[in-house]
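Working from the sequences, and respecting the hints, build out all of it.
Order-wise, the sequence lines are chains A and V. Sequential numbering from 1 applies to the first sequence in this note's numbering. Sequential numbering from 1 applies to the second sequence in this note's numbering.
Don't read these hints as lab results, they were simulated from the structure. One should not assume that every hint holds.
Quick list of simulated restraints, FRET-style, between CB atoms [unchecked claim]:
1) V:1 <-> A:29: 26 to 36 angstroms
2) A:23 <-> V:206: 28 to 38 angstroms
3) V:270 <-> A:270: 43 to 53 angstroms
With a Cα cut of at most 25 angstroms, we get these calculated SDA-like pairs of lysine to any residue [as the list claims (entries may be wrong)]:
4) A:32 <-> V:135
5) V:126 <-> A:208
6) A:32 <-> V:130
7) A:32 <-> V:52
8) A:219 <-> A:188
9) A:32 <-> V:136
10) V:125 <-> A:25
11) A:32 <-> V:133
12) V:174 <-> A:270
13) A:32 <-> V:174
14) V:125 <-> A:37
15) V:71 <-> V:14
16) A:198 <-> A:208
17) V:126 <-> V:201
18) V:126 <-> A:306
19) V:71 <-> V:46
20) V:60 <-> V:102
21) V:126 <-> A:36
22) A:32 <-> V:71
23) V:174 <-> A:273
24) V:126 <-> V:137
Glycine residues also receive a C-beta, built at the ideal position from the N, C-alpha and C atoms.
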Amino acid sequence: MSDLAQSAQAADEAVTIGPDRSLTYDAWQILKGRWLFWVGLFLVGSFAIMAIFPQLFLFLNPADTDISGSSCNLREGRLAPSSEHWFGTDQQGCDYYVRVIYGAQVSMRVALGATAVTATLGLLLGALAGYYGSWIDTILSRLADGFFALPYLVGAIIILSALSTQGSRTEFDVLIAIAFLGWPAVLRLFRGQVLQVKTMEYVESARALGASDYRILRKHIFPNAIAPVLIYSTIGMGAVISVEATLSFLGIGLPLGTISWGIMINDAQRFVRAGTDIHLLIFPGIFLVLASLGFVVLGEELREAFDPRSR
Amino acid sequence: MLRYTIRRVLQIIPVFFIATLLIFIVIRALPGDPIRAIGGERTMPAATREALIQRYNLDKSLPEQYVLYMKGLILEADMGESYAQRRQVNDIFLEALPRTARLAGLAVLFQALMGIPLGIWVAVKKDSAIDSIVLVSTIFMLSLPVFLLGSLAQVFLGVRWGIFPISGVNDGLKSYIMPSMVIAVSLMASIIRLMRGSLLDTFREDYLRTAKAKGLGRGRVFGIHALRNAMIPVITVLGIDLGALLGGTIVTEAIFNIPGIGFQITQAIILRDNTIVIGVATFLVIAYMMINLVVDLLYAVLDPRIRYE
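Below, the structure written as C-alpha cells:
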C-alpha cells in the first residue's frame, strides 16, 4: 500500500473514530457531571413521590397521620414544633407536618394539569401559526400579543372571578385560569421552532414524495421541534406552583379548606402578623420554595445541556 | 428610522384593541349584577335601577358599549364613573397611581443599586467560589414567591424587630422602603445574571482588546469600554421591569396595605365595579405597550440592522 493511500485511510479513521454521538448523548454527558442537575432531579422526584405516596414520608411521624381531621385536637392548637409534633400544630390542633406533606398533592396536580393544558394548546396553535403562516399566523400571533399586554395577576383575578359562581371556585377553575394565560408563551416558542424546521430539506423531500400536511406535521415537524417546549414546560411547572400558591394566598385561588401550602400561609397571616406562631408560615413556605426550585433548577440545567450554543 | 418608527407605532394599534376587547368581554362575563352591587343590601326602586342602567350604558349591546367607552377614552381621556364609589375613575386613578409609582420606582432603584454591582463583581470573579454562590442564590431568589418574602419581611423587620413600619402609607417615604425592597430582591436575580452575562460577552469583543493593546489604563478600559457597552441590555430590562411593576405590585400592595393601582383593581373586581377594572386594566395595557415601543425604538437606534429587517 502506498504512503498516500495509507494516510488517506488514517484520515478516514480519524473522522469516524468513536461511536456516533447524538444531541441527547452529549447532553447526558454534560448533565451527569453537574451537581445542580442532580439536586433538581432529587427535589422533583421527592415531591412527586410525596404527592403519590404521602405515607412514605409519614410512617416515622409520632403524631397521628390521619388527614381527615379526626385526629386534630382543638385543645392543642398552635403548638410550637416538638418531638411530638415535628412542625407543631395548626389553629385546629392538627399535626402540621402531616398537613404540609399532604399539601404536595394539590400543588403537583395543578402544576401538572395546567402545564399539560398550556402545552397542548400552545403546541396545536403554534403548529397552525408556524406551519400555515399567512392570516392564521397573523390572527394567532396578534392574539398572543394581546394576552402578553395584560398583566398576569390582573388577568388571573379577572378570569377566576368570572369562573367562580357564588364566590366558590374549584381546583379545576384555578388550573384553567393558569393555562388560559400560559398558552401564548408556548405558542410563540413552538411557532419559532416550526418556522425553523419547516425549511429543512427532509420536510421538503417528504412533501415532494406526496406526504400530507398532517403527516409532515406529525412525523417530521413535531419530533424535531418539540424539545424546547418540553424543557420550557419543566421550568413552567415551577412557575405554576408559585402562581397557584400566590393566588391561594390572595384568597382568589383554591377554595378555603383545601390542604395547600398557599392556603396554609394565608391562614397563618393573622397569627404571624402579631409576631407569634412563625412556624405556621415557615414550614409550608420552605416546602413551596423547594418544590418550585426543583422544577426551575432541573429545567434550567436541561436547557443549558440541550442548547448547542452554550458549549 | 422614520419608516421603522411609523411601522412600529402602527403595529401597536391592533394589539391595543385586541387586549382591551379581551378585557371587555371577560368583564362582561363576570357573574353578578353591578347595579345591585351599588345598592348593597337595600332594595332599589325599579325607576332608579332603570336610570342607573341607562346612565352606565348597560342597556346597550356589548359592541356598542365598547365603542362608546373607546370614544370617551380616546377623544376625552375619560375613563367613566365608578359604580360603587360614585366618583370619576380618573380621580381614583390619580390618587392611586402615585403610590404605585413610588413603590415601583423605589423597587427598580434598589434592584439596580444591588443587582448591578453584584453582577459586575461575579463577572470579574468568574468561575470562583463567590461566582457559584451568587449564581445558585439567584436561582433560589427566582423561586421565592413575593408573598412569602413579603410576609417574612413584615414579620421580622416590621413586627418583631420594629425596623420599618408594618403596613400602610402613613409614614411617608419610610413606609415604602420595606415593600419596595421585597420587590427588588425578587427581581434582582435576573439583573445579576444579565449584568454578568453581558459583561462577559463584552470582555470578548475586539474593541476591548484594541483598547488594551493601545495601552489604556485598566480603569479606563473597564469603565469606558466594557461597562458602558455592557449596561445597555441591563438598562433596558430595568425599564421593562418598571413598566411591568405598575400592574405587578398587587401582592405587595395586599400584604402591606398600600392603596395603589393593584389594591384598587383587586377591590373593584370583588365589588364588580367594572368601570374601574376596565379603566385600570386599559391603562396597564397602554403602559406596557408604550414601554415596549420605547425599548424597541431604542434598540433600533443602537442596532441599525433591526430597522431594515
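Evaluation of the provided hints:
1. At about 47 angstroms, the CB distance of residue 1 of chain V to residue 29 of chain A disagrees with the hint of 26 to 36 angstroms.
2. About 31 angstroms separates the C-beta atoms of residue 23 of chain A and residue 206 of chain V, a value consistent with the hinted range of 28 to 38 angstroms.
3. For the hinted restraint 43 to 53 angstroms between residue 270 of chain V and residue 270 of chain A, the CB-CB distance of approximately 19 angstroms leaves it violated.
4. Taking the CA atoms of residue 32 of chain A and residue 135 of chain V, the gap is near 19 angstroms; set against the 25 angstroms cutoff, the hint holds.
5. Between the alpha carbons of residue 126 of chain V and residue 208 of chain A the distance comes to roughly 51 angstroms, so the proposed pair goes past 25 angstroms and is violated.
6. For a cut-off of 25 angstroms, the pair hint linking residue 32 of chain A to residue 130 of chain V stands: about 23 angstroms separates their Cα positions.
7. Of the pairs offered as hints, the one joining residue 32 of chain A and residue 52 of chain V is violated, with about 68 angstroms between alpha carbons and a cut-off of 25 angstroms exceeded.
8. Our distance criterion of 25 angstroms between C-alpha atoms is met by residue 219 of chain A and residue 188 of chain A, whose separation comes to about 21 angstroms.
9. A hinted pair counts as satisfied when its Cα atoms are at most 25 angstroms apart, and residue 32 of chain A with residue 136 of chain V qualifies at roughly 18 angstroms.
10. For the suggested pair residue 125 of chain V and residue 25 of chain A, the alpha carbons sit about 32 angstroms apart, so the restraint of at most 25 angstroms is broken.
11. The hinted pair formed by residue 32 of chain A and residue 133 of chain V meets the criterion: a straight-line CA distance of about 20 angstroms does not exceed 25 angstroms.
12. Under the criterion of a C-alpha separation no larger than 25 angstroms, the hint pairing residue 174 of chain V with residue 270 of chain A is consistent with the structure, at around 24 angstroms.
13. Between residue 32 of chain A and residue 174 of chain V, the direct Cα distance comes to roughly 49 angstroms. Violation of the 25 angstroms bound is thereby established for this hinted pair.
14. A C-alpha spacing of about 23 angstroms is found between residue 125 of chain V and residue 37 of chain A, which places the hinted pair at or below 25 angstroms, so the restraint holds.
15. The suggested pairing of residue 71 of chain V with residue 14 of chain V holds, with an alpha-carbon distance near 16 angstroms, which does not exceed 25 angstroms.
16. Among the hinted pairs, residue 198 of chain A with residue 208 of chain A is consistent with the structure: their alpha-carbon atoms are about 14 angstroms apart, no more than 25 angstroms.
17. Of the pairs offered as hints, the one joining residue 126 of chain V and residue 201 of chain V holds, with about 12 angstroms between alpha carbons and a cut-off of 25 angstroms not exceeded.
18. Simply put, residue 126 of chain V and residue 306 of chain A have alpha-carbon atoms about 23 angstroms apart, close enough for the 25 angstroms limit, and the pair holds.
19. Between residue 71 of chain V and residue 46 of chain V the alpha-carbon distance is near 29 angstroms, which puts this suggested pair outside the 25 angstroms criterion.
20. Of the supplied pair hints, the one linking residue 60 of chain V and residue 102 of chain V is violated, its CA atoms being roughly 39 angstroms apart against a limit of 25 angstroms.
21. Using a Cα cut-off of 25 angstroms, the hinted pair residue 126 of chain V and residue 36 of chain A holds, with the two alpha carbons roughly 18 angstroms apart.
22. The hinted pair formed by residue 32 of chain A and residue 71 of chain V fails the criterion: a straight-line CA distance of about 61 angstroms is larger than 25 angstroms.
23. As the CA atoms of residue 174 of chain V and residue 273 of chain A are separated by approximately 19 angstroms, the hinted pair is consistent with the 25 angstroms bound.
24. A threshold of 25 angstroms between alpha carbons decides the hint, and for residue 126 of chain V with residue 137 of chain V the separation of about 15 angstroms falls inside it, so the pair holds.
This entry does not satisfy hints 1, 3, 5, 7, 10, 13, 19, 20 and 22, going by the numbered hints stated previously.
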